[in-house]
Amino acid sequence: MDGVHVIERNDFDALLDALTRRGYAIVGPTVRDQAIVYDEIASSADLPAGWTDEQEAGHYRLRRREDEALFGYAVGPHSWKQYQLPAEVKLWRARVDQDGGLSNVTEPPRESPRYAFLGARSCELHAVGILDRVLLGGSHPDPADAGRTKDLFIVAVQCGEAGGTCFCVSMKTGPVAERGFDLALTEVLEEHRHYFVVEVGSERGADVLADVPHGEAVEEDRTAAGAVHARTASQMGRELDVTEIKELLYRNYDHPRWEEVAERCLTCGNCTMVCPTCFCTTVEDVTDLAGEHVERHQRWDSCFTVDYSGIHDGAVRGSAKSRYRQWMTHKLATWHDQFGTSGCVGCGRCITWCPVGIDLTEEAAAIRESEEGPK
Amino acid sequence: MAAAAKKTLAVWKFSSCDGCQLSLLDLEDELLTLAARLEIAQFLEASSATVAGPYDVSLVEGSITTPHDAERIRAVRACSRALITIGACATAGGIQALRNFADVEEFTRAVYASPDYISTLATSTPISAHVPVDFELNGCPINKRQLLEVINAYLNARRPRVRAHSVCVECKRRGTVCVMVAHGTPCLGPVTHAGCGAICPAYDRGCYGCFGPKETPNPASLDHWSGLEDRDLVRVYRTYNAAAGPFRNASEAHE
Ligand code: SF4
Ligand code: SF4
Ligand code: SF4
Ligand code: SF4
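Chain order of the listed sequences is A and B. Just so you know, the numbering used here puts the end of the first sequence at 387, numbered straight through with nothing missing. Just so you know, the numbering used here puts the end of the second sequence at 263, numbered straight through with nothing missing.
Incorrect hints may appear among the rest.
[What the hints assert, rightly or not] Some chain A residues close to chain B (C-beta under 8 Å, calculated; not the full set):
{"hint": "1", "residue": "Gly-15"}
{"hint": "2", "residue": "Val-49"}
{"hint": "3", "residue": "Gly-70"}
{"hint": "4", "residue": "Ala-222"}
{"hint": "5", "residue": "Ala-242"}
{"hint": "6", "residue": "Ser-246"}
{"hint": "7", "residue": "Tyr-262"}
{"hint": "8", "residue": "Gly-281"}
{"hint": "9", "residue": "Val-286"}
{"hint": "10", "residue": "Asp-297"}
{"hint": "11", "residue": "Pro-367"}
{"hint": "12", "residue": "Val-368"}
{"hint": "13", "residue": "Gly-369"}
[Unchecked claim] Cβ-Cβ distance ranges computed for the label pairs, FRET-style:
{"hint": "14", "chain 1": "B", "residue 1": "Gly-235", "chain 2": "A", "residue 2": "Glu-271", "range": "18 to 28 Å"}
{"hint": "15", "chain 1": "A", "residue 1": "Val-328", "chain 2": "B", "residue 2": "Arg-153", "range": "43 to 53 Å"}
{"hint": "16", "chain 1": "B", "residue 1": "Val-112", "chain 2": "A", "residue 2": "Asp-109", "range": "53 to 63 Å"}
{"hint": "17", "chain 1": "B", "residue 1": "Ser-136", "chain 2": "A", "residue 2": "Ala-302", "range": "26 to 36 Å"}
{"hint": "18", "chain 1": "B", "residue 1": "Arg-89", "chain 2": "A", "residue 2": "Val-328", "range": "26 to 36 Å"}
{"hint": "19", "chain 1": "A", "residue 1": "Asp-109", "chain 2": "B", "residue 2": "Ala-43", "range": "20 to 30 Å"}
Hints were generated in silico from the structure; no laboratory data involved. Note that beta-carbon positions come from the ideal geometry of N, C-alpha and C, so glycine has one too.
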């Protein structure tokens, strides 16, 4: 199981074939609508070869690279959440009897394919773990949620480049994935050679690797991979001081900064939708026209919608201030009390995909500075 | 459940283009099932036969633009147990509410040979400005699936699945890449009421705001970030929902 190996670029498709032969549905990065999104991958021709992403608050652009790197970008608008907790799920269907009662309650088959996640980053592995804990750690986990990640095969990719909004170093979630993968690749591009340094993380990983032409990594290969990791770690686009951040935010529940950010916040919900750990859903009941059947659906929702905090007499969080504060304190503070970790892995998606560039690292820093002075 | 007595439905038209009420006829697959539960008692677009009221539910299309309209909507309200407005005209005043920002007499002089024959109000107003409304369905035009959902919910005495959050939520649920962030295309999605299914961004265009303002919209922040000029921002908000409060305020702020 141990040891470090090398797969040459030209043999990369053998890895995909080995996964396909084992019955995995491979999902990974591909270019669509001028972004790198996650979708089904049939061969390396589907991967974003030669593309990278330029990211800043409220800004993302696909850019051409000077090389043919397959994984030369950070993370895009999609996350693995869409496979772990799909945006819309039908939970059950039932007959409505004459007396209004329900009978024949049936749950639709909800087996998901056995997924192989190709190209998952360190922050994303942490996010998958955090979301799994949320979905499966309680007293009534939904077996369908458990099924989606049970047999997951993970081909991690060690980031070769940090995005402009990444801050995994601050969150201690990256950029190098140390566990939680079956195989981890570091992509190395040299003038006349394009290859992957491969770490094996599980028996299954070793079994798959055995089917792919590979060699043992020599000292130079390891050094090249180490250089990639160090370079990425030094490139973080953002940082977040997490020292006692929970206490900091709890102390500052009435800080004027919340009003200021509320002036800018659109309460559009994009940050929560793109966040790989945000798990909020709503359930909605639908009937057929004849009133003979009902169905219950679960869909992504967000603490930025009014209905999400709606009770009998209106919304608990009516103002933009209370909704932004709910989001940020949940990610960085209350999550610790609720699930024992941070709810943020530092992937930067909420910053990039906020249509008006609101940046939680900047908001947290402003609150800290008001107490401690500028850093 | 299905044995319940048939409810009567009436469809009314005020100042509008008919597009929204035609969505009802567009529900080809469901019309028969609908007809089994609803008696369509008054629907001049579909049939000239009408049944006298009162009606269980009235769908009202169009805005109020004449003194006669203003009278008639009271009569419609009086003979309707539930009144649902359909579309931007009935809900927000429609494109014809552009007159609210201009001089109507000047328009009538320019358009009609004998402006004296024209009896019109200075403004185009939504139904809710005249009578109480039980439910408002947004859109120019409405989404026929949403219309069906509202009727379905009414028939089955449940809450309609019609949410007032942003179009962004619909984009994200369907996996559409944000056209604003990734392409730099101006988009009203973050201030616009969901319901269309986020069609325009899925076709690489920005949202035009056809469904009107969302709950708690913040156009001022979006406008500031957009970098568009005032002149363009006025135009952006002066379309089908020009007179809807938050859009009206937004366009006036840039005048
Ligand atoms: S809060 Fe933002 S940076 Fe943190 S995990 Fe969520 S999307 Fe990523
Ligand atoms: S931040 Fe909001 S949407 Fe995300 S998990 Fe917390 S409450 Fe849910
Ligand atoms: S946050 Fe870290 S692990 Fe995630 S994409 Fe950026 S550099 Fe990679
Ligand atoms: S922080 Fe940004 S993405 Fe999140 S709700 Fe506010 S405006 Fe939308």
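Hint-by-hint comparison with the structure:
1. At a threshold of 8 Å, the smallest CB-CB gap from Gly-15/A to chain B is about 38 Å, leaving the interface hint violated.
2. With a least beta-carbon distance of about 7 Å to chain B, the hint placing Val-49/A at the interface is held under the 8 Å criterion.
3. Annotation: Gly-70/A was flagged as interfacial toward chain B, and the flag holds, the nearest CB pair being 6 Å apart, inside 8 Å.
4. Here the hint on Ala-222/A is broken, as its CB sits about 35 Å from the closest CB of chain B, past 8 Å.
5. For Ala-242/A, the interface hint is violated, since its Cβ never comes within 8 Å of a Cβ in chain B; the closest pair sits about 30 Å apart.
6. The interface hint given for Ser-246/A is violated, since its Cβ lies 26 Å from the closest Cβ of chain B, which is over the 8 Å cut-off.
7. Annotation: Tyr-262/A was flagged as interfacial toward chain B, and the flag is violated, the nearest CB pair being 26 Å apart, outside 8 Å.
8. The interface hint given for Gly-281/A is met, as the beta carbon of that residue sits about 5 Å from the closest beta carbon of chain B, less than 8 Å.
9. Interface hint status for Val-286/A: upheld, as the beta-carbon distance to the closest one in chain B is roughly 7 Å, under 8 Å.
10. The restraint placing Asp-297/A at the interface with chain B holds, with a minimum CB-CB distance near 6 Å, inside the 8 Å limit.
11. The restraint placing Pro-367/A at the interface with chain B holds, with a minimum CB-CB distance near 5 Å, inside the 8 Å limit.
12. Nearest Cβ of chain B to the Cβ of Val-368/A: about 4 Å, under the 8 Å cut. The hint holds.
13. Annotation: interface hint on Gly-369/A holds; nearest CB of chain B at approximately 7 Å, less than 8 Å.
14. Between Gly-235/B and Glu-271/A the beta carbon distance is about 24 Å. The supplied range of 18 to 28 Å therefore holds.
15. Val-328/A and Arg-153/B have their C-beta atoms about 30 Å apart, which leaves the hinted 43 to 53 Å range violated.
16. Checked against the hint of 53 to 63 Å, the pair Val-112/B and Asp-109/A passes, with Cβ atoms roughly 57 Å apart.
17. Look at Ser-136/B against Ala-302/A: about 31 Å separates their beta carbons, and that is inside 26 to 36 Å.
18. As the Cβ distance of Arg-89/B to Val-328/A is approximately 32 Å, the hint placing it in 26 to 36 Å holds.
19. In this structure, Asp-109/A and Ala-43/B meet the distance hint of 20 to 30 Å, their C-beta atoms being roughly 24 Å apart.
Going through the hint list in order, the structure does not satisfy hints 1, 4, 5, 6, 7, 15.
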